[in-house]
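Participant: Sequence:
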Amino acid sequence: MDVPKTQFDIDHVEHSVGGLGGHAFRRITHVSMALIPVIYYSRGEEIAGYFSVSLPEFVSYVFFAILAIEVVRL
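This note's numbering applies: residue 1 is where the sequence shown begins, and numbers increase by one.
Here are the simulated distance ranges between beta carbons:
| id | residue 1 | residue 2 | range |
| --- | --- | --- | --- |
| 1 | Arg-43 | Gly-21 | 29 to 35 Å |
| 2 | Glu-57 | Gly-21 | 31 to 37 Å |
| 3 | Ser-52 | Arg-27 | 31 to 37 Å |
| 4 | Gly-22 | Val-62 | 19 to 25 Å |
| 5 | Gly-22 | Glu-46 | 29 to 35 Å |
| 6 | Ala-65 | Ser-42 | 17 to 23 Å |
| 7 | Gly-19 | Ser-52 | 38 to 44 Å |
| 8 | Ser-42 | Phe-63 | 15 to 21 Å |
| 9 | Phe-64 | Phe-25 | 17 to 23 Å |
| 10 | Gly-19 | Leu-67 | 22 to 28 Å |
| 11 | Ala-24 | Leu-55 | 29 to 35 Å |
These are computed hints drawn from the structure, not numbers from a lab.
The C-beta atom is built at its ideal place from N, Cα and C for all residues, glycine as well.
Work the whole structure out from these sequences, hints included.
Facilitator: Right, here's the structure in full:
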């Protein structure tokens, strides 16, 4: 029996909005999100104090910044 072969084009850059620049921006954004827990536990209080906000407030600001970046991305 002949099984039809399906071709997959996995070149994400070619299919990305914004081409290589948009693809790189999305990758950097998502990889940088992995650093948030490390920064939170190692320097969170220090960074929040620098901005004169509490740590939960600072986390909220970071969340909304990432959300805004994702909205721009879409």
